[in-house]
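Residue numbers (the working numbering), protein chains in the order written: chain X, -11 to 199; chain W, 173 to 863.
It is worth saying that the hints were derived from the structure and are not from the lab. Take these hints with a grain of salt, some might be off.
To be verified - List time: in silico DSSO-like cross-link candidates among lysine-lysine, alpha-carbon distance up to 27 Å: (1) X:LYS36 / W:LYS199; (2) W:LYS569 / W:LYS724; (3) W:LYS569 / X:LYS199.
As the list claims (entries may be wrong) - Cβ-Cβ distance ranges computed for the label pairs, FRET-style: (4) W:TRP198 / X:ASP147: 23 to 29 Å; (5) W:HIS787 / X:SER191: 43 to 49 Å; (6) W:ASP549 / X:TRP107: 54 to 60 Å; (7) X:GLU90 / W:VAL304: 21 to 27 Å; (8) X:VAL19 / W:TRP213: 56 to 62 Å; (9) W:TRP213 / X:ASP147: 25 to 31 Å; (10) W:TRP213 / X:LYS161: 38 to 44 Å; (11) X:GLY128 / W:THR424: 37 to 43 Å; (12) W:ARG249 / X:ASP152: 53 to 59 Å; (13) X:GLU90 / W:TRP213: 38 to 44 Å; (14) W:ALA408 / X:GLN111: 46 to 52 Å; (15) X:SER191 / W:TRP198: 24 to 30 Å; (16) X:MET54 / W:GLU298: 54 to 60 Å.
Cβ coordinates follow ideal geometry from the N, Cα and C atoms, glycine included.
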Amino acid sequence: MEDRQLNSSDCAKDGGKCCGGGITPFLVGLVVSLIFGWWVFPDMMYSKKEQPIRFSHKVHMESAGMECKQCHVLREDGTFAGLPSTASCADCHSDVLGSDPEEARFVNEYVKTGKEVKWLVYQIQPDNVFFSHAAHSLDGCNQCHDFKESELCAQCHPDVANSDSAPTYFENKLTGYSKQTMKMWQCERCHANENHYGVTNSSNACFVCHK
Amino acid sequence: MALDRRGFLKFIGGATAGILATPVVWKSLDDVSIWTQNWSWIPRNIDGANSYVPTVSKLCPSAVGVKVRLVDGRPVRVLTNNDHPLGGGLSSIAAAEVQLLYSPSRMKRPLKRTADGAYVGITWEEAEAMLVEGLKKAKGGDKLAVISGDETGTINELFTALAAEMGSKSCFLMPGEAQSAAKAWELMGGEGQVGYDIEKSDYVLAIGANVLETWGPVIRNRHAFRVGRPHGEAPAVRFAYAGPVQNNTAATADTWLAIRPGTEAVLALGLANLLIKAGATSPAADFADFKALAAKFTPEQVAAQTGVDAKRLAAVAQELAKAKRPLVIAGSEIGQGGGAAPVLAGLALNALLGSMNREGGIRALPYARKVVPAAMDRKALLQNDLVAWLGKVASGKSAAPQAVVFYEANPVYALPQADAVKATLAKVPFKVAFTSFLDETAMACDLVLPVPMGLERFDDVDTPYGCGQVVYALAVPALAPLVDARPAGDVVIGVAKKLGADLGVAAFADALKAKAEARGASFTEPSATNAHVSNAVLPVNGIALRADVLSKAIDVKAPAFPVALAPVAKLNVGTSKTATPPFNTKTVRRWEIQGKELYVMMNGATAAKLGLRMHDRIELSNPAGKFTARVNLFEGVINDTVAVPAGHGHTAFDEFSKGKGENVMRLLAAGAEPGTGLSVWTSAGVNIAKA
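Just chain X, same shape as in the assembly (with noise of 0.2 Å):
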């Protein structure tokens, strides 16, 4: 009892100054938070990965002068099909025919082993969620905008015309989701957006896309 009065009176002393160093605890906690919060909690939620083989979708593009829908085909309801299969590529690259070591890897690897890529793909969806290519076409969309296809594909999935390498994959650790996978709020970038309903009858209603 007696340490705690004297202590008490030495804090009355100095003004209450003292008593848990004012405010700046608080601020560095805040700091801390914010810091960690900010720019390392990000980086703990994903773990990285790298495409198993480098693509330049941008030599595609450009070079080959291809389009999104030559290799990324949907089913004729409009839904996944999956990503292009080896023997797809091999119907150009049944052997190497370029310099790059990648291509080379690719081929020997998997051309000619009959093995298929396991592309890492960035926008899978919960098995709950629907999602139709069909009701988002270059035909449906154009009605208004002026979409070119790679523009159109680009409003949701990345923009990867440019790129010489697919970007980094980042996998969720605890949902297991990539963290490209569209959520509900982008989604509703369009379905909700006053310009778009009675236009296109997109309706915003749950059971449009959760079945």
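Dock chain W against the given chain X, drawing on the hints supplied.
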């Protein structure tokens, strides 16, 4: 500066405020909510490109032409194939074929029965050695019997050739409409297989034959029905149906004549009477006899026997007479056991209507020539009466064989007096089943050999009974077998070789190729996917109407029971080859099965007469057997008749079928049809008492 307690709390306060201003809490909460959607027990979508394999279902009795959709090489769904001559729709059995690949009752490896009655898995080498040993003991003098559940496949040639090499002619098909028709057609002096050109007809009268559910190539029939009745336009074809229960065909037809069970031939003769009075005639040599017979079946007489009002009978006769291309199809409600008399009477009606070898009428289709030299041809195979043979073995009139080989056949479940069949087969020392499912017959065998399912093998379909044209179609595999199964054809060829017999073909694929060529099909490889259609017909001159046979056959007196039994078959419930596929259990109606209890249908008047009400538990019994069921009041059943759903009451297969309901075959006793000698078992009666 030392951090005291208060300073620490301030730090925590600052950190908390800071954390709330970062994504840590909000992002984590969001991720947790997403994490909760990772349901491990829900099948994942399969990514990959679509591909389609056009094939024909070997499981569905209508041999429907389908397309199997594969994603990344894995089958996910069976779809319709409108380009296929046996396609244009989908049957509930074919639709379940992808699912059935993974059925728990599917055979995964060869099994042999051990001394204590248990089954143990063995290798194929052991199995084939056991098969060879078993067959060696059955050499010579009809000591081997073959029972096949495949009516249209070339596989039968290999099995019958093996039997022939062993000195046996005891080869049988599971009973079906084709046998009744073959008998009737043979009696009339017809050549080839009877075909019905429903597609080109403008008036189809189905007597007993459940054409839109179980008779003939059902999907082809349904397609013809749909094409002939375009939505919003005047129908180009009218359908009439005569039968005791308002089944799916009756419910869909323009006219339903409710007739008492077993009176199909009487109705046909009643119509013949009216048509002859209106001037119909036939060049048949015995027309005068037939006319005399038909004259006895006046509308009043027919009304008394069948229960059909004379005016309604006259109306149908008028419609038949007015139609440009009328067609009469007679058969059995459950696709078996109806006898040859109704078909004979039906064919005679067609003759009166001028529908022989005419567009939209009856066509005599040529059988394909044999491709395995020692084999029994289809015509001969259709003449062998399995039920009669089993009856002889049961009574000791014929010696029990040393060995029986079952190929995709389940007689222990699907034949009349199913319990007696099991007892009869118990006399056979060595029984082998080639099957994809561990069904009742497989459970009674000493050796069970798994065959690939229809989607996993090459096979063929040659002109299912009922088709109006020759149709030859190949089944091609959509995937490699998921289990350790071997194609039966190749096993038979190998076993024959070990027994010192050369069947004349090196592999089953060679037999298929030869059959395709025999049918004049343009493809040369069994991997070809197009179906072959031919308009070839045989002449139908000199057809006799066989009043002599009909007068005997029609004299059948129904057993003296208070209530007549009308079995009702539906494809979704399964066939004799397969039980109810798991997907289809939800299509079994509420008052068909409740829990494990079967519901049988009768109309209110019948129930009142018997003092019964809806849901009452009753016992149905006759000398063939008995079981309990509950009452479902349904006005679509003729008076004094109880309609019993077929296809239930399995004692094997899987949790979806085993022990659910009762097997109507237990109440059906087989007898010989007077005049034709064919086994019949659809005319049965039962006693009904409250249980």
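Evaluation of the provided hints:
no.	hint	result
1	X:LYS36 / W:LYS199	18 Å, holds
2	W:LYS569 / W:LYS724	25 Å, holds
3	W:LYS569 / X:LYS199	64 Å, violated
4	W:TRP198 / X:ASP147: 23 to 29 Å	26 Å, holds
5	W:HIS787 / X:SER191: 43 to 49 Å	45 Å, holds
6	W:ASP549 / X:TRP107: 54 to 60 Å	56 Å, holds
7	X:GLU90 / W:VAL304: 21 to 27 Å	57 Å, violated
8	X:VAL19 / W:TRP213: 56 to 62 Å	45 Å, violated
9	W:TRP213 / X:ASP147: 25 to 31 Å	37 Å, violated
10	W:TRP213 / X:LYS161: 38 to 44 Å	22 Å, violated
11	X:GLY128 / W:THR424: 37 to 43 Å	40 Å, holds
12	W:ARG249 / X:ASP152: 53 to 59 Å	40 Å, violated
13	X:GLU90 / W:TRP213: 38 to 44 Å	39 Å, holds
14	W:ALA408 / X:GLN111: 46 to 52 Å	51 Å, holds
15	X:SER191 / W:TRP198: 24 to 30 Å	27 Å, holds
16	X:MET54 / W:GLU298: 54 to 60 Å	56 Å, holds
Of the numbered hints given earlier, the model fails hints 3, 7, 8, 9, 10 and 12; all others are met.
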